[in-house]
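Student: All chains, please: the whole structure from these sequences, using the hints.
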Amino acid sequence: MKILVAVKRAIDYNVKARPKSDGTGVDLANVKMSMNPFDEIAVEEALRIQEAGGATETIAISIGPKQCQETLRTAMAMGVDRGILVETEVETQPLAVAKLIAAVVKQEQPELVILGKQAIDDDSNQTGQMLAALLGWPQGTFAAKVTVADGRAKVAREIDGGIQTVDLRMPAVVTADLRLNEPRYVKLPNIMKAKKKPLDTLTPEQLGVDVTPRLTLVKVAEPPARKGGVKVPDVATLVDKLRNEAKVI
Amino acid sequence: MSALVLAEHNNAQLAPATLNAVAAALAIGSDVDVLVAGDGCRAVADAAAAIAGVRKVLLAEAPHYAHALAENLAPLLVAQAGPYEHLLAAATTTGKNVMPRVAALLDVAQLSDIIGVVSNDTFVRPIYAGNVIATVKSSDAKKVITVRLTAYDPAPATGGSGAVEAIAAVADSGLSAWVSEELTKSDRPELTAADIIVSGGRGVGSSENFAIIEALADKLGAAVGASRAAVDAGYVPNDYQVGQTGKVVAPTLYIAVGISGAIQHLAGMKDSKVIVCINKDEEAPIFGVADYGLVGDLFKEVPAMTEALSK
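Same order as they appear, the protein sequences are chains A and B. For the first sequence, the working numbering gives the first residue as 79, with consecutive numbering after it. For the second sequence, the working numbering gives the first residue as 51, with consecutive numbering after it.
Wrong hints could be hidden among the right ones.
As the list claims (entries may be wrong) - Taking lysine to any residue pairs in the SDA-like style, the calculated list, with each CA pair at most 25 Å apart, reads: (1) K80/A to G307/A; (2) K110/A to E333/B; (3) K323/B to R321/A.
The set of hints was computed from the structure by calculation and includes no laboratory data.
Tutor: Okay, structure coming up:
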């Protein structure tokens, strides 16, 4: 079985994003970019299934500008066998990304596609679900544990009240939540090896997918700022202020 | 113009989150209908029909709707979508699971986690962990939307007199099956509905030590939350997590104990009315958003606070 894993180049999780001063977009000039953290977890899960003998090949796919090659190389340095870049300068939104991945799925015929549950830039949390819909496959979203056997995927999902387990007929889509695994660190020799792994580049046109955005950004703004608070010297003062100043207890 | 809201429920009771989603639908200025899909869930449909402002309730009952599986709910929503311009659900794990599947089947974009309505096609939503607020316009004929609960006060649960109309189920997809659920049991208020929340972070140190957080919460009648670090370390279950990818909360009072205040945690609680933090590191970013900060050892200060509240 082949596993396809989707990786997005996104703002590094330690960086605080800010709107551009003219409100036309987010200021990403000279901002550190990394693999979306949830996608690292997705890659790790694919590799663990492969290393346990559950998959013959793992393929990473990324969609976006040329720089996404770096994200794919990171996935390959972690251990993924090869990469596919669908190169476009258009701002790709989840529906278009899902269509592009679906087109590649038809070519590559994986039994399992793993994605991060959400990207930390647009915080959409949509692509995996949309991909499953387009393929007519089941979806194990917000996965905390995945067990693949006999053409079924059992997925324990993080839900609002606790954990829900579902049983999916494969092929299936899984989206990774935080507790699925702890991604490995990339070792230097593997970064060198990853440079030699195959990386194919496709275009949306070759895949026959219209990536025209359906959503237009009208403007961006800073969230309302919180007023600076005060430090209190002790618990007695704190309780007094909560009771008599803020009047919340 | 009309909107269809997907009701969230456990077949016996309507989840309060549905009321917030109805409020957002009413804010668009639409006639609002509610879809209740479940198994033996007539009481839920009656509750939905009683929500103030609801025009009618569509009720689909079948065994394969019992657990809100996306593979079965999405085709049902699509089958009913015809007359509606807006399809909404609360941005809970159920809404987040189902609605993008609906959007893709309809070949439209989804607007996730909206916090404001500008017009019938333009909405406000937080991006980048809430550090940027985006206003976004949809060019699609139908808008699929999930609603951030903290942005809308719930619509009144009573006062409505909508009719309940039974609709046909769509056949079981056969793609997925529900196996089991382990739900956290607690007598405390639910995190997203609580007036007061006491949250613990990595600084709490262990599952056993969370008892001091719980004691303070119980004294205040509060819910207990946690940072990602505390959940990852196994101190508390995953459903305690407050943050960018966990639960987003906006209580009257949020007390952060032993939480440094990473961007991802702040994203989930910075709209709280009053924020208190107790942390031994006075440089911790949490002090930057706290109305009242106490620098000190949480193992001393938290029990002292619990005791002070008893007086």
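Student: For each hint, tell me whether it holds in the structure or not.
Tutor: Here is what the structure says about each hint:
1. For a cut-off of 25 Å, the pair hint linking K80/A to G307/A is broken: about 54 Å separates their Cα positions.
2. For the proposed pair K110/A and E333/B, the alpha carbon gap of about 24 Å is at most 25 Å, so the pair holds.
3. In summary, the hint linking K323/B to R321/A is supported, as the alpha carbons are separated by about 14 Å, within the 25 Å threshold.
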